[in-house]
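Given only the sequences and the hints, what does the whole structure look like? Please build it.
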Amino acid sequence: MKTIYKKKILGIVLLFFLGFGIVTARLGYVMIVQADKYLTLAKELHQREREIKAPRGNIYDRNGVKIASNKAVYSISVIYSQMTDKKKVVDILSQELEIDKEEIEKKVYKNSVREKIKSNVEKNAADKIRKYKLDGVKVDEDYKRVYPYDSLASKVLGFTGGDNQGIVGLEVAYDKYLKGKSGRILTLTDGKGIEIEGAYEERDEPVAGNDLYTSLDVNLQNYITQACMKVKKEKKAKQVSMILLNPQNGEIYAMANVPEYNLNEPFRLSKKKSQAGSKKQQEFLNQKWRNTCLNDTYEPGSVFKIVTATAGLELNKVKVNDHFNCPGFRIVEDRKIRCHKTTGHGSETFKEGVMNSCNPVFMEVGARVGVDGMYNTFKKLGLFEKTGIDLPGEAGSIMHKKKNVKAVELATMSFGQSIQITPLQLLRAASAAVNGGNLITPHFGVKTVSSDGKKEKIFEYPVKKNVIRKETSETMRDLLEAVVSEGSGRNCRIEGFSIGGKTATSEKLPRGTGKYISSFLGFSKAQNPTVMGIVLIDEPVGTYYGGTIAAPVMKNVFQIALPYLGISKDYTVDKKSE
Amino acid sequence: MANRIKEKYMPKKKYLDYPMLFLVIFLIFFGMVMIFSTSSYKSTVNFGHPYHWVLRQGISVIIGAFFMIGLSKLDYRWFNNKIIAIGGYGVSILLLIAVLIVGAAKKGAVRWISIGGFQFQPSEVAKIFLVILLAYLLSLNAHKMQHFMDAVKILGWSIPVIALVAYQNLSTALVMCAIAGVMIFVVSPKTKELIAVAVSMVGVLVLYLTFSNSYRNERVAIWKHPETHEKGLQTMQALYAIGSGGIFGKGLGQSMQKMGFIPESHNDMIFSIICEELGLFGAVCLILVFIALIWRMLLIAMNAEDLFGALLAIGFMTHIGIQVFINIAVVTNTIPPTGIPLPFISYGGTSILVVMAEMGIVLSVSRRIRM
Numbered sequence: 000m001k002t003i004y005k006k007k008i009l010g011i012v013l014l015f016f017l018g019f020g021i022v023t024a025r026l027g028y029v030m031i032v033q034a035d036k037y038l039t040l041a042k043e044l045h046q047r048e049r050e051i052k053a054p055r056g057n058i059y060d061r062n063g064v065k066i067a068s069n070k071a072v073y074s075i076s077v078i079y080s081q082m083t084d085k086k087k088v089v090d091i092l093s094q095e096l097e098i099d100k101e102e103i104e105k106k107v108y109k110n111s112v113r114e115k116i117k118s119n120v121e122k123n124a125a126d127k128i129r130k131y132k133l134d135g136v137k138v139d140e141d142y143k144r145v146y147p148y149d150s151l152a153s154k155v156l157g158f159t160g161g162d163n164q165g166i167v168g169l170e171v172a173y174d175k176y177l178k179g180k181s182g183r184i185l186t187l188t189d190g191k192g193i194e195i196e197g198a199y200e201e202r203d204e205p206v207a208g209n210d211l212y213t214s215l216d217v218n219l220q221n222y223i224t225q226a227c228m229k230v231k232k233e234k235k236a237k238q239v240s241m242i243l244l245n246p247q248n249g250e251i252y253a254m255a256n257v258p259e260y261n262l263n264e265p266f267r268l269s270k271k272k273s274q275a276g277s278k279k280q281q282e283f284l285n286q287k288w289r290n291t292c293l294n295d296t297y298e299p300g301s302v303f304k305i306v307t308a309t310a311g312l313e314l315n316k317v318k319v320n321d322h323f324n325c326p327g328f329r330i331v332e333d334r335k336i337r338c339h340k341t342t343g344h345g346s347e348t349f350k351e352g353v354m355n356s357c358n359p360v361f362m363e364v365g366a367r368v369g370v371d372g373m374y375n376t377f378k379k380l381g382l383f384e385k386t387g388i389d390l391p392g393e394a395g396s397i398m399h400k401k402k403n404v405k406a407v408e409l410a411t412m413s414f415g416q417s418i419q420i421t422p423l424q425l426l427r428a429a430s431a432a433v434n435g436g437n438l439i440t441p442h443f444g445v446k447t448v449s450s451d452g453k454k455e456k457i458f459e460y461p462v463k464k465n466v467i468r469k470e471t472s473e474t475m476r477d478l479l480e481a482v483v484s485e486g487s488g489r490n491c492r493i494e495g496f497s498i499g500g501k502t503a504t505s506e507k508l509p510r511g512t513g514k515y516i517s518s519f520l521g522f523s524k525a526q527n528p529t530v531m532g533i534v535l536i537d538e539p540v541g542t543y544y545g546g547t548i549a550a551p552v553m554k555n556v557f558q559i560a561l562p563y564l565g566i567s568k569d570y571t572v573d574k575k576s577e
Numbered sequence: 000m001a002n003r004i005k006e007k008y009m010p011k012k013k014y015l016d017y018p019m020l021f022l023v024i025f026l027i028f029f030g031m032v033m034i035f036s037t038s039s040y041k042s043t044v045n046f047g048h049p050y051h052w053v054l055r056q057g058i059s060v061i062i063g064a065f066f067m068i069g070l071s072k073l074d075y076r077w078f079n080n081k082i083i084a085i086g087g088y089g090v091s092i093l094l095l096i097a098v099l100i101v102g103a104a105k106k107g108a109v110r111w112i113s114i115g116g117f118q119f120q121p122s123e124v125a126k127i128f129l130v131i132l133l134a135y136l137l138s139l140n141a142h143k144m145q146h147f148m149d150a151v152k153i154l155g156w157s158i159p160v161i162a163l164v165a166y167q168n169l170s171t172a173l174v175m176c177a178i179a180g181v182m183i184f185v186v187s188p189k190t191k192e193l194i195a196v197a198v199s200m201v202g203v204l205v206l207y208l209t210f211s212n213s214y215r216n217e218r219v220a221i222w223k224h225p226e227t228h229e230k231g232l233q234t235m236q237a238l239y240a241i242g243s244g245g246i247f248g249k250g251l252g253q254s255m256q257k258m259g260f261i262p263e264s265h266n267d268m269i270f271s272i273i274c275e276e277l278g279l280f281g282a283v284c285l286i287l288v289f290i291a292l293i294w295r296m297l298l299i300a301m302n303a304e305d306l307f308g309a310l311l312a313i314g315f316m317t318h319i320g321i322q323v324f325i326n327i328a329v330v331t332n333t334i335p336p337t338g339i340p341l342p343f344i345s346y347g348g349t350s351i352l353v354v355m356a357e358m359g360i361v362l363s364v365s366r367r368i369r370m
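Chains as they are written, first to last, in numbering that gives the first Met the number 0: chain B, 0 to 577; chain L, 0 to 370.
Derived from the structure by calculation, the hints contain no laboratory data. It is possible that some hints are incorrect.
Unchecked claim - The calculated lysine-lysine pairs, modelled on DSBU-like cross-linking and capped at a C-alpha distance of 30 Å, are:
id : chain 1 : residue 1 : chain 2 : residue 2
1  : B       : K231      : B       : K65
2  : B       : K42       : L       : K249
3  : B       : K6        : B       : K229
4  : B       : K36       : L       : K41
Here's what the structure looks like:
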């Protein structure tokens, strides 16, 4: 072979080697510099993490009645690479799931590993789809939250979202106990997404959520809800709220806000509302889910006189038999503030003033106590703080700044105007006033129990002991008992039972629109209260006096609730009052 | 060099290039191992046992071994006559036309015809006969080749077969162009002109790929953005495999990507699985084996008894070299994707048969080297 040929062929071979060098350099780049990147991507491709959902814990009432539980539902998804007849998949799924073909087509023809078509599919439909044995269509078991009592205590319980997470109410407050821990299976799959048998597999078992036992009582809840619905209808009111709790330990028996909503369809809006924009719709929903008992404040009106009276007695500024005179108004600085009875109550003792709910008496007491004394008592009765209830979104009170409180503000405050608190705050303060002076924490959660029943966590709630003196509390009980037995709360009197209480009629802001909140707070037994309730009728039409329309509602409830809760008739008190 | 060897050793000693033989045997066995590794899972899924593809390849290798041994014992000069060279070339053209007719009958592009149950790819066989033809023509006319046109005339001979192949498979045609180009380039004295022609042809090809709107342009798009292009999946899968191999790989048989992620894992894409299982180390070793093989063939070409033998070795060497380069470059996404098997390793009966036959002929050339 000629030398020139040899040179040329050597050149060609060196050119090859140069080419090999280039691809080797490229290999080095991919396999060293980009190795991590591709290794991660490849792992994502090969590993299939299958979530094993944990069943959410049940919620029970105080008697062990299930008020929230789970039901098996199915989620339908498609695996792109395993589908053999995509058209058939689209046809059958759209037929069985009643979804538009177009919507399903989008997901079926999307080149991704797995697409979820629909979750929360009922067992019937899921079984049907299973029977078709379609390649690449997966039917996975899932859980759906169900509320057997539909709307009962809806604003207390709340509901869960698509991932079984709590959204509002107890469901969100106790989410960490209820939700459990989902397990997972990590497997390797081949190119068609079929799991490789015998390949390395990791498995974490799911841990079921803990069951929550609450202080709610389904029967009482049912009953107060019906009572609220009845009065709402009668008085064409906007809303009626009611709370029933144990003033000794803060356990809430029932809490209703009528209208309630169906927990199994929490996102449903009326036709008219569902046509609004999405932002507006969300507002409607938030409004619908709102728990007025603690998410909103109002002017408590005369029920607040419990606080003023407590302040006066606690600071020894007034005695039960002190004499007052009510001409139907009181001049405070340059203003004439009227009593609800414009002709005046005339001469009366403090006790009679409480029974008459006489504004001038309380303005006088408020003035005697002074701003410091009032604010100190507010603080002791927990009116500057949230109650600490185990529900989300509690509102705080709205009070004048102490330095801005002059005689007029002090006077209006004394009978529950120009301040705003939540009904629950009022109930808590009243509890302390009559239970011997202990500031309790209202609550629902009693304990959680693990799904196997082995682990139990009992919740404890703070109680501030002796925020007021026992004697003050005792006097308060007497006074409030008198309100029901002989005073403005007569409409809540039940033969044989000793009941204490206080009425209120608050004019809503802005004044002069004729909108009122009528309310009544009552408790029993008068001398040893173990149940206390408050009822608020928002914007009643027609008669709006709390004593006339709210007190009978409480009477209705107590007629059933007191025997139900094992509170015995109290003949001695009955005789005394006769 | 040959003279020195001749002086040092006694003349007329029987020679066979054992290093080359060893490299070839190593590559064939390595290929079998890798085909088993890459195809066993898919074979089990599809046929219930892991041996489907490795058995078929094994049969091809055994037949190939007969060809290789036979051709290495047959004096290569037997091919150096008009009847064999031109006749063989004519037969390969007829086979290619037959494929076209079969394809037309089946209403689709077909690259193989069936003989006795075995599928067989005429375009692969055509490579051997093209090399023999060109070696024959070039060695015959070497002394007469003065002008550029002489080179073009010889090239003209190869155009029918390249055109027929190009009709079915452009990348194989490109490989054949390269083989013909290299062989003519070595013999023709018009070095500069031929380099200019080669460079301008590459330029035209690049321009064509860049500006044409055909489906090949799509391949450029895949090459540039494999991660976003809808048809870039295979390229990305190959890169996943290569990248996840790292320096020493996952170990033989441990590839995940062969589990149906790479569609042609035992075929054109086998190199990516080699990278995944044996790592950069294994891949570089394989490339070094190919370099060694090419080097041995270069030495045989340089020391061949006559120009015909040298040109045979050069043609077959170019065949191996260009395919190795294109295959690895495609798998690593260095160039736009095209389907070229990796010689000795990729699954494919005709391919391994043809390559083994070529190696037999080169070994036969090595036998005539005078010591």
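Exercise for review: For the pair supplied as a hint, K42 (chain B) and K249 (chain L), confirm whether the alpha-carbon distance does not exceed 30 Å.
Suggested key: Judged against 30 Å, a Cα distance of about 13 Å means the pair holds.
Point to revise | K6 (chain B) paired with K229 (chain B) [C-alpha distance capped at 30 Å] | key: Given pair K6 (chain B), K229 (chain B) is violated - Cα atoms ~109 Å apart, limit 30 Å.
Review point. When you check the alpha-carbon spacing of K36 (chain B) and K41 (chain L), does it fall within 30 Å?
Key: The given pair, whose Cα atoms are some 27 Å apart, holds under the 30 Å limit.
Review point. Holds or violated: are the alpha carbons of K231 (chain B) and K65 (chain B) at most 30 Å from each other?
Key: holds, 28 Å
Hint check: a violation occurs at hint 3 only; the rest are consistent with the structure.
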